[in-house]
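Peer 1: Chains as they are written, first to last, in this note's numbering: chain A, 1 to 333; chain B, 1001 to 1333; chain C, 2001 to 2217; chain D, 3001 to 3217.
I should point out that these hints are in silico values taken from the structure, not numbers from a laboratory. None of the hints are false.
Chain B stretches covered by chain A per the calculated footprint, using a threshold of three residues with CB under 8 Å from any CB of chain A:
1. 1230-1239
2. 1266-1278
3. 1299-1309
Quick list of in silico lysine-lysine cross-link-like pairs, DSS-like style, CA-CA up to 27 Å:
4. C:Lys-2120 <-> C:Lys-2073
5. A:Lys-27 <-> A:Lys-91
6. D:Lys-3073 <-> D:Lys-3120
7. D:Lys-3060 <-> D:Lys-3073
8. B:Lys-1017 <-> B:Lys-1091
9. B:Lys-1002 <-> A:Lys-2
10. B:Lys-1027 <-> D:Lys-3073
11. C:Lys-2073 <-> A:Lys-27
12. B:Lys-1017 <-> B:Lys-1002
13. A:Lys-17 <-> A:Lys-27
14. D:Lys-3073 <-> B:Lys-1091
15. C:Lys-2073 <-> A:Lys-17
16. A:Lys-2 <-> A:Lys-17
17. D:Lys-3060 <-> D:Lys-3120
18. A:Lys-91 <-> C:Lys-2073
19. D:Lys-3073 <-> B:Lys-1017
20. B:Lys-1027 <-> B:Lys-1091
21. B:Lys-1017 <-> B:Lys-1027
22. A:Lys-91 <-> A:Lys-17
Just the calculated beta-carbon pair ranges, DEER-fashion:
23. C:Ser-2038 <-> A:Arg-226: 19 to 29 Å
24. C:Pro-2169 <-> B:Glu-1225: 49 to 59 Å
25. C:Ser-2144 <-> A:Asp-7: 49 to 59 Å
26. A:Asp-44 <-> C:Asn-2054: 41 to 51 Å
27. A:Arg-226 <-> B:Gly-1208: 26 to 36 Å
28. A:Glu-31 <-> C:Asp-2148: 39 to 49 Å
Glycine is no exception: its CB is placed at the ideal position from the N, C-alpha and C atoms.
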Amino acid sequence: MKKLINDPDDVVVDALKGIEAAHPALKVDHEHRIVYRADAPHTDKVGIISGGGSGHEPLHGGFVGLGMLDAACAGEIFTSPVPDPILAATKLVDGGRGVLHVVKNYTGDVMNFEMAAELAAAETGGRIASVVTNDDVAVQDSTYTAGRRGVGVTVLLEKIAGAAAEQGRDLDAVADVARRVNANGRSMGVALTSCTVPAVGRPTFELGEGDMELGVGIHGEPGRERLPLAPAREIAAMLVEPVLADLPFRSGDAVIAFVNGLGGTPLIELYVLFHEVATILRGRRIDIARSLVGSFITSLDMAGASVTLVRADDELLSLWDAPVSTSALRWGI
Amino acid sequence: MKKLINDPDDVVVDALKGIEAAHPALKVDHEHRIVYRADAPHTDKVGIISGGGSGHEPLHGGFVGLGMLDAACAGEIFTSPVPDPILAATKLVDGGRGVLHVVKNYTGDVMNFEMAAELAAAETGGRIASVVTNDDVAVQDSTYTAGRRGVGVTVLLEKIAGAAAEQGRDLDAVADVARRVNANGRSMGVALTSCTVPAVGRPTFELGEGDMELGVGIHGEPGRERLPLAPAREIAAMLVEPVLADLPFRSGDAVIAFVNGLGGTPLIELYVLFHEVATILRGRRIDIARSLVGSFITSLDMAGASVTLVRADDELLSLWDAPVSTSALRWGI
Amino acid sequence: MTTAALGQWVRRFADLVAQHRDELTDLDSAIGDADHGSNMDRGMQAAVAALDENPPATSKALLSKVGMTLVSKVGGASGPLFGTLFLRVGGSLGEVAASTPQELAAALRAGLGGVVDRGKAGPGDKTMYDALAPAVDALDAALSDGADLSVALQNASQAAAAGRDATTPMQARKGRASYLGERSVGHQDPGATTVALLLEAAAGSSLGASGSGRRDT
Amino acid sequence: MTTAALGQWVRRFADLVAQHRDELTDLDSAIGDADHGSNMDRGMQAAVAALDENPPATSKALLSKVGMTLVSKVGGASGPLFGTLFLRVGGSLGEVAASTPQELAAALRAGLGGVVDRGKAGPGDKTMYDALAPAVDALDAALSDGADLSVALQNASQAAAAGRDATTPMQARKGRASYLGERSVGHQDPGATTVALLLEAAAGSSLGASGSGRRDT
Ligand SMILES: Nc1ncnc2c1ncn2[C@@H]1O[C@H](COP(=O)(O)OP(=O)(O)O)[C@@H](O)[C@H]1O
Ligand SMILES: Nc1ncnc2c1ncn2[C@@H]1O[C@H](COP(=O)(O)OP(=O)(O)O)[C@@H](O)[C@H]1O
Ligand SMILES: [Mg+2]
Ligand SMILES: [Mg+2]
Ligand SMILES: [Mg+2]
Ligand SMILES: [Mg+2]
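Bound conformation, chain A alone:
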């Protein structure tokens, strides 16, 4: 295992110290492992928090700041945080207008956020709403199962809901916008290599030199199928077609197109992939209204990428364009 770390058990703790040292606009509660806005809480807006297992950086700590999250809870690598820190973060950001929990759809995350919300309601009486992202079309959706995983849409949702909160909308309205992003977003990913969890020290799965895992999850969960490595052009089609079919997206739709690196893939390759994605969308007369290219929701050192499309009307686009100032996403301010 080749990593720039100290003790594998200290990776999250050490990284939080790095985040604190690098970004004066952020504070870190080390006991609870919370990254939060130095100026929290805000009495004039709904608070938004998110969190989950670590190993997906910059998600979520990199999205704390004006126009996005008020706080992020960092669990151990790939392990949901427990309710205590979620409760602490909820209290920390509640300026009186309620708090939105943005939760990725993993059983552990959902339950721990739910318990924290129950505890917060009991302790403070503050209002809490929850939005669960579940955009990964690699997993079959069904009301009888745990459903789809939450992946790339989470990033776009946090941005857009953050902008809605910054406008002063109330908790229900912010939650509505967030749900609308999730309802209109779909994603799919591919791994060229496995990630390696520091405490484990060896790759999570074996993948032959000539193979790729299509539909992989951001914790190295197995995907839809294992296939021979293909040119970017074909991989783009394998990612985009199921995404388009699932919603479905239609000719004339405007989308936010997000090509995301999984941690070990350099930017030059993401641009090659983006070109192929854009070519397919152009062929389908789907309009790329906005785009995002980079590594924003990662899986440690996994080589690979994911494609997320969110169908966006003018309101979502104007919220997307609104100012945001976080360590990983910033514009307009």
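With chain A held as given, fit chains B, C and D with the ligands onto it using these hints.
Peer 2: Structure of chains B, C and D with the ligands alone, referenced to chain A:
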């Protein structure tokens, strides 16, 4: 070789198409492989261009935009562009106030930019100044040799010189500021794995499972020494100490601290490293006035990182803080 | 059945989890993320340490401490699920120092309800439910048939083990294993395995001995 | 010495580079970035194609076309260096159809000057300079001694080969190999090797034959 690409020979061409599709504020001259501001040239400011071999993304194309570069020339992977496109870019951005060439100190880059500058002077009579970055302390400096390589300082210099140009300063003044950044900046890097050049298809160098290459170059050039992989704390010391000694930096200095990923290293590890770097600097009473953490000057898929420190006075800091709007670095606008 | 016996049960469970830690993690590595054994072991060690530090006097206090510790130390899916299980069992027993077998059975059924509230799983979803529900049913049935608690817990333990085994051919519909779809078939569920250990601990503890046949009236 | 002979020289050089392409790249992989053979081969193939397409009439036109093609097709260090070399030789010969041996020698010295202007290398830096400078000296010396051009070019070729061999024990101070410091010792410089091929091509071409002893007065 596991890469999200089509034909290895088309990587640069395809990536430029992706950049063009993703960023409406940028245009691409595909014949010359130039990324340039859609609103170039600007008659009210000095033009700034840079360029070099590809494979270091987001450098340089990711830094084209308001407050930074006006154009960037993309050579083949790890191969300096030839004079023609540099000449074309120079003409493209010259709004009458002259053009600054930012060149990393590699023999090929220096000579190709020099020839382009001679051609431009002969053809257009426009003024051209050149600044060569040479901040890599892994290589011994000497007037009798090719000298140090240009690495991380290039990023900070492009930002700061870009801000000076945006203020309307004249060519000499912009070049002066740029030289001041270079003179006050030093870097050193470490590789945990080799990069793989697409057209070659196998790693540039062999590195044992337990080894790292200290002082590596951004093209996979050999470093100072090969050592057993060490904890981030020790690696930080191996990178920071030679950097501090070389200028030398002194107690009381304010610096811009830049921890850079080499392409295959995820952000969480960069923050672990940044924490260790900050701890060392704190111990030396060197003040981190500004910081930058992320993968900004890469070496394809190489796992590893570099540390760059630039000693910064108030003027450089205020230029650093000035608005910038590029695909890879953006704030204040 | 006394609070002390509950404490013994918890400790015995912690021992069994520690002994089977690697097995549980291996089961989770086949259809999950290879942390169930270390999750539960970390949580139960912390729970036992919390009991040692400040031994609670009532059943509710004792099991709440175990439940809260699991909730705040384990994370993932099993922290809230096993945590809620203990919290609900304790809540059902109340601030008492002893309870009847019927009260214990009702408390375990309340615990099962908590697991369902939390995880929304039902029969055949290939989760801890598939071991816990048959165990609670078996406990009720045995007690209605007039069996003493010790025998009833033996029955419940056997039912949990059978429920655990029955998860192997199931296709997971809840939790991380559900992402595998058909590929989850043929693997025993780790959470159900832990539930079988929990009932094995109950059957082997002094729960049945001390409380057998006695009713607090 | 005619323009046609210069064309023959260029083509012969292109052939030799193509033949030694892999060897040149291997030398560069030891102390550089493993592209010198492919760089020079790509450039010289393009140069020959440019000559084929539109054969230039004067020495300057011919060598400028070769030089410009190298500059615009090769990149890296060798593009500007070899490009400048050809550009300066052509510029020195001028818009003529034939030149004297002395003019050729002076032109090659001008080319050497161009390489130094561009690359700032001197003796012992372990670069193409270390093969080119002795060759130019040998050519001058032989012509002063009254040798005819064919013999003088043989001498120059031998001097280039000796200069090339002498780079092996040197420590590089210029170019990519200089980053290796002491580790560059013991490897033959690729650029010097290419210069030796350039002079071998000259000695084997019709340069010496056609122009031997003749002076354009
Ligand atoms: N929705 C659910 N309802 C009941 N039990 C569940 C549910 N989801 C998961 N489980 C149980 O949790 C176990 C996995 O626990 P663990 O590995 O510790 O958590 P995680 O899946 O978060 O890593 C599964 O084997 C299953 O028995
Ligand atoms: N400053 C210099 N002056 C003269 N020759 C040089 C200089 N730098 C490099 N060279 C020559 O260039 C050769 C390398 O050429 P090449 O591999 O094509 O370029 P690059 O180093 O850019 O990959 C070296 O072997 C050396 O002979
Ligand atoms: Mg698990
Ligand atoms: Mg887990
Ligand atoms: Mg080379
Ligand atoms: Mg090269």
